[in-house]
Amino acid sequence: MKIGFYPGCSLKGGSREYAESVLAVAKAFEIELKEISDWNCCGATAAHNLNKDLSLSLPTRILAQAEKDGLEEILVPCAACYSRLTVTQHELAKDEELRNRICGIINMEYKGTAKILNIIQFIEKYVLENIRFKMHHNLDYKVACYYGCLLVRPHDILKFDRVEDPQSMDKIMRELGATPIDWAFKTECCGAGMSVSRTDLVAKLSGNIIEDALDRGAEAIIVACPMCQSNLDMRRPDIDKYLNRKTKIPAIYITQAIGMALGLGETDLGLQRHFVPVALPEKDHSLDSNNTVSQIQEGEK
Amino acid sequence: MQSHDDHAGVLTLSDEVRHSVEVNSLKCYQCGKCSAGCPLSSDMDYPPSVLMRMLQTGRKDLEEKILRSYTIWLCLACEMCIARCPMEIDIPKVMDYLRERSLKEGKATPRAKDIIAFHKSFLLSIEKTGRLYEIGLIVAYKSKTYHMMQDVNLAPGMYVRGKLAILPEIIKGRKNLGEIFRKTLKKKEESK
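Top to bottom, those sequences are chains P and F.
Numbering-wise, this note's numbering puts 238 at position 238 of the first sequence, and it's gapless, one number per residue.
Position in the second sequence counted from 1, then plus 1000, gives you this note's numbering.
In short, the hints are calculated from the structure, not lab data.
None of the values given here were measured: they were computed from a predicted structure.
Listed next, the stretches of chain F that the computed footprint assigns to chain P, with coverage defined by at least 3 CB atoms under 8 Å from CB atoms of chain P:
1. 1036-1047
2. 1077-1091
3. 1096-1108
4. 1122-1131
5. 1150-1158
6. 1167-1181
We put the CB at the ideal spot given by N, CA and C, even for glycine.
Please build the complete structure, drawing on both the sequences and the hints.
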């Protein structure tokens, strides 16, 4: 099975553990991910903040490259890239004049046929069904599933999960034997692109997220966006200063969580790259079949 | 829907928003949900709902304040406002338009200097190599803002964790990328 893969810049740089864990999980499920040839940056927040045509041209070039590669489905693990690519595809599909203009700018053919999958959709489609057969142990922890902004918004275009109280990641974590908590900051913004220019605001927004997760007893925060992860992880000294407490809760990618339950090694999943150590308390994680079945049933309720 | 087109004779900023990005700010009935949900409304000079009201008035002095506001640059584009707007007004799209316009007219507030410097440094990095080069981004940002000491403690930590690539990844199609920038961002700046 061959699926296109758009890692995006973060997964090649500061968030390479996300890419490592995505590839490790894909390998465990015998899925071949084919990186889009000669891909470029999607433009992220910077492009659409400054110039509309640029913000559409950059993602269109990526999608055109994927079409040239003959890829029908593309996995885009970064929530921000996923949102940019999907919004662009949508905008060009509904406006032929705009599409022609953008095609002129990138000087490439573009049909808009590739199906874009975010990481959760990819897991739901290719991983979830067989996950119990491959699991090594339960991930028996209380977790806060943090979706952030761009996995679920703009909802009209992405049409993914529930916009205020999404459940898809909670469901995956339940399959892994974890207990997702109910909490208030599932889709609140971490401060995203202000990480460098207004670090104080990131400390405040990310601090509120971490505090709510902790106050409700979470032992780990599960994320699906490199910007969320790096703000919650790398900016922890600023966050702790804002909260006026020392926090130790790790921010773990959903694919790292899956890899941990599969029994994959720390370095296979890039866990050693985190600033806040992924040191979860020792528990009996043995796969008790009764327990498993009841958890699955509970998850389906 | 009522428009300002007829009675003012000249287009209001609200009209221009509607023509350019197809968002009608006149649909806003000031429920304030956007401002309640916006994670940064308390840090803004005008919360999103107030900005929408200012747009609706069509008053030149208020339009000027909008284009010179800090609000448009603080907006994170997190899209919470549109998710909760009962009239489904695409405020993030309005913000995008206002930022582009503010920059083009040289009206961006000095308070947003760092935020704009970051965006520009980010795009500069992409223009040169096709992909984000984090060291290049930080060097460009620091040279624009003179925040030389910022995050000096973070870089070594990133390096030992293998999170900082020393060399940029340069794509083959960077000529194509240069062309894209010339036809979009650069074109706007030249026409200023």
